[in-house]
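Q: Residues per chain are reported as follows:
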Amino acid sequence: MIDARIRKSFPGGKDSAPFTLDIEFKSSARTAVLFGPSGAGKTLTLDAIAGFVHPDEGRILVDDALLFDGAAGVRLPPQKRHCGYVFQNYALFPHMTLRENLAFAAEGLPRLERRRRVGEMLDLFLLADLAGRRPHELSGGQKQRCSIARALIAEPKLLLLDEPARGLDPQLRSALYAALADVRTKFKPQILLVTHDLDECFELGDEMFILDGGRLVQSGAPLDILQRPAAPSVAQLLGRGNILSAEILTLDPARNTSRLRCACGDSHFEIAGQYMPGHLIGDRISLYVRPEQLQALPRAADTAAPALELVRVSERPDGVRLHFRGEITVQMERAAYEGVKHNKDWVVRFRPETLIVLE
Amino acid sequence: MGIDWFPLWLSLRVAALSTLIGLGAGLWIAWLLAAREFRGKAVLSSLVTLPLVLPPTVLGYYLLVLLGRNSIIGSVWERIFGAPLVFTWQAAVVAAIVHSAPLLIESARAALESVDHSHERAARSLGASEWRVFWKVSLPLAWNSILAATALAFARSLGDFGVTIMLAGNIPGRTQTVAVAIYDAVESGQGATARILVLVISALALAVLSVANRVGRIDFGRAGG
Numbered sequence: 001m002i003d004a005r006i007r008k009s010f011p012g013g014k015d016s017a018p019f020t021l022d023i024e025f026k027s028s029a030r031t032a033v034l035f036g037p038s039g040a041g042k043t044l045t046l047d048a049i050a051g052f053v054h055p056d057e058g059r060i061l062v063d064d065a066l067l068f069d070g071a072a073g074v075r076l077p078p079q080k081r082h083c084g085y086v087f088q089n090y091a092l093f094p095h096m097t098l099r100e101n102l103a104f105a106a107e108g109l110p111r112l113e114r115r116r117r118v119g120e121m122l123d124l125f126l127l128a129d130l131a132g133r134r135p136h137e138l139s140g141g142q143k144q145r146c147s148i149a150r151a152l153i154a155e156p157k158l159l160l161l162d163e164p165a166r167g168l169d170p171q172l173r174s175a176l177y178a179a180l181a182d183v184r185t186k187f188k189p190q191i192l193l194v195t196h197d198l199d200e201c202f203e204l205g206d207e208m209f210i211l212d213g214g215r216l217v218q219s220g221a222p223l224d225i226l227q228r229p230a231a232p233s234v235a236q237l238l239g240r241g242n243i244l245s246a247e248i249l250t251l252d253p254a255r256n257t258s259r260l261r262c263a264c265g266d267s268h269f270e271i272a273g274q275y276m277p278g279h280l281i282g283d284r285i286s287l288y289v290r291p292e293q294l295q296a297l298p299r300a301a302d303t304a305a306p307a308l309e310l311v312r313v314s315e316r317p318d319g320v321r322l323h324f325r326g327e328i329t330v331q332m333e334r335a336a337y338e339g340v341k342h343n344k345d346w347v348v349r350f351r352p353e354t355l356i357v358l359e
Numbered sequence: 360m361g362i363d364w365f366p367l368w369l370s371l372r373v374a375a376l377s378t379l380i381g382l383g384a385g386l387w388i389a390w391l392l393a394a395r396e397f398r399g400k401a402v403l404s405s406l407v408t409l410p411l412v413l414p415p416t417v418l419g420y421y422l423l424v425l426l427g428r429n430s431i432i433g434s435v436w437e438r439i440f441g442a443p444l445v446f447t448w449q450a451a452v453v454a455a456i457v458h459s460a461p462l463l464i465e466s467a468r469a470a471l472e473s474v475d476h477s478h479e480r481a482a483r484s485l486g487a488s489e490w491r492v493f494w495k496v497s498l499p500l501a502w503n504s505i506l507a508a509t510a511l512a513f514a515r516s517l518g519d520f521g522v523t524i525m526l527a528g529n530i531p532g533r534t535q536t537v538a539v540a541i542y543d544a545v546e547s548g549q550g551a552t553a554r555i556l557v558l559v560i561s562a563l564a565l566a567v568l569s570v571a572n573r574v575g576r577i578d579f580g581r582a583g584g
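Protein chains in written order, with our numbering: chain P, 1 to 359; chain H, 360 to 584.
The hints are simulated quantities; they were obtained by calculation from the structure and are not laboratory data.
It cannot be assumed that every hint is accurate.
Straight-line alpha carbon distances no greater than 20 Å define the calculated EDC-like cross-link-like pairs of lysine to aspartate or glutamate that follow [claimed, not checked]: (1) H:Lys495 to P:Glu107; (2) H:Lys495 to P:Glu327; (3) P:Lys80 to P:Asp123; (4) P:Lys344 to P:Glu327; (5) P:Lys80 to H:Glu465; (6) P:Lys80 to P:Asp63.
Sample of chain P residues with no beta-carbon within 12 Å of chain H, all distances over it, derived [stated by the list, open to error]: (7) Leu66; (8) Pro232; (9) Asn256; (10) Ser267; (11) Arg349.
Covered stretches of chain H (chain P as the covering partner; in silico rule of three or more C-beta atoms under 8 Å from a C-beta of chain P) [to be verified]: (12) 434 to 445; (13) 473 to 487.
All C-beta atoms in this analysis are idealised placements derived from N, C-alpha and C, irrespective of residue type, glycine included.
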């Protein structure tokens, strides 16, 4: 379990803007993910937990151990925090072989036990044949496995990973995910991982915390967040949804319906929505809808749906994306698109139950 | 023609000893400056650099005041060893340390500062004490640059003139180092002796420089680490 409240300000200098990290989060998920754009304060959060950076104020608890308490003056040094840290550059000691790198971390154990542990980890992480090599003789994937093994050998309570998949090609990425899944089953520590890759959040995260500009903007299970982003900024960070600004024209609680006028560039169109509790007629709201929940059809198929101008079509590994004027994107299956690809006039069908109001 | 080789041996002995002492104390100061935050750090940093910019005679004067027979350190020394420190070969060692250690400290500090801090952080997060982090991680990673700087410091100790002559004097057979002996030889018209000593010192300095260059370039494929 990790429970952290961290506040740290940087006044900003000649070539850096002032920055304040001010977050509070708590997680007992096996794998928690800090997600956000570069400069959101993700790595700083990890560094504060590991003890490399001291917050101005706050409190950090891992399991029941108090690592930092600004008010009480508790500042455990990194050595006593039992946090394994896997650095973005792996930080393997270049002057030591892999075996020596692991042995360095096992220094606290009795000699025989140390040898056994190091051997065990080398086997487990498929490094036994490379044990005598120095880090510069290894591939990125091998270095990363070694770095994870080294962090685990000290039996940390919490394993911190900073952008573990950065710079790995897709094959190594899936190998990493498999290795981490293995770590979760074979080792105790809770994992806290930093990434700016949404796929990784889904692949690894049980719970996700979204950071933006030094603040926590939303937390929850990855799927819940994707389905219900709490704010336009979150939807933008997730990067896969359409955000529409709309005005409420009618509201009918009895039939659970509403009528909405959406602004689309310099023109407007009207769509049907569900009843929106807590909103009044005339309110301006932001709507979020994911591309795969929209349907693009030839105009003849649905005359009630708004007609939109198709700007371009892009290929994606999982289908085809149709980009309409007003930054509305629709995702279609490739087969479905093949059938209508010569169509000129399009409508986009919005299903009322898929529209999410962003606060 | 008989050349007195004593000044050369004395210089080598003084240089070796001063480099050794300078390295021991210098590493510690370099580590303080590179890795620690404390009050008076800027002052210490300036004090360390000062000998590089002050005229040697000024340094020599300060040392005479600090270590002379009437000073506290000088009188303590005299009580322990039964003879004054100034105008002995040990004084030449002190002079050489003051002359060469600043270079060593500055280079070692730069070398320690340039070690990728993620390695030190990793070591700490793995539970290593600060002592172990220094000996097992920081120092080995900075070692080549420090060794190169040590070689340069050795060469510099070998060539000190001003501080040595102020503090240790010019007593042939006792405190006359090569640099002083060359000056003496030129002054007294012994051109041949001066020439030979100059050539020997130049060759030695050149050799040390090439060693320094070579060790300075070795690394462990650090970029890949």
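Q: Each hint needs a verdict: does it hold in this structure or not?
A: Hints, verified against the model:
1. Restraint check: the Cα-Cα separation between Lys495 (chain H) and Glu107 (chain P) comes to about 12 Å, which is no more than 20 Å; the hinted pair holds.
2. A C-alpha spacing of about 56 Å is found between Lys495 (chain H) and Glu327 (chain P), which places the hinted pair above 20 Å, so the restraint is violated.
3. Restraint check: the Cα-Cα separation between Lys80 (chain P) and Asp123 (chain P) comes to about 28 Å, which exceeds 20 Å; the hinted pair is violated.
4. Restraint check for Lys344 (chain P) and Glu327 (chain P): the C-alpha separation of about 18 Å stays at or below 20 Å, so the hint holds.
5. Of the supplied pair hints, the one linking Lys80 (chain P) and Glu465 (chain H) is violated, its CA atoms being roughly 32 Å apart against a limit of 20 Å.
6. A hinted pair counts as satisfied when its Cα atoms are at most 20 Å apart, and Lys80 (chain P) with Asp63 (chain P) qualifies at roughly 14 Å.
7. Distance check for Leu66 (chain P) against chain H: the nearest CB is about 18 Å away, which clears 12 Å, and the non-interface claim stands.
8. A cut-off of 12 Å between C-beta atoms confirms that Pro232 (chain P) is not in contact with chain H; the least separation is 36 Å.
9. With 12 Å as the threshold on Cβ separation, the claim that Asn256 (chain P) sits away from chain H holds: the shortest Cβ distance comes to roughly 54 Å.
10. The Cβ of Ser267 (chain P) sits about 53 Å from the closest Cβ of chain H, beyond the 12 Å cut-off, so the non-interface label holds.
11. Every CB of chain H lies more than 12 Å from the CB of Arg349 (chain P), the least distance being 52 Å, so the non-interface label holds.
12. With 0 residues carrying a beta carbon less than 8 Å from a beta carbon of chain P, the region 434 to 445 of chain H misses the three-residue requirement, and the given coverage is violated.
13. Closer than 8 Å: that is the beta-carbon criterion, and the region 473 to 487 of chain H has 11 residues meeting it against chain P, so the requirement of 3 holds.
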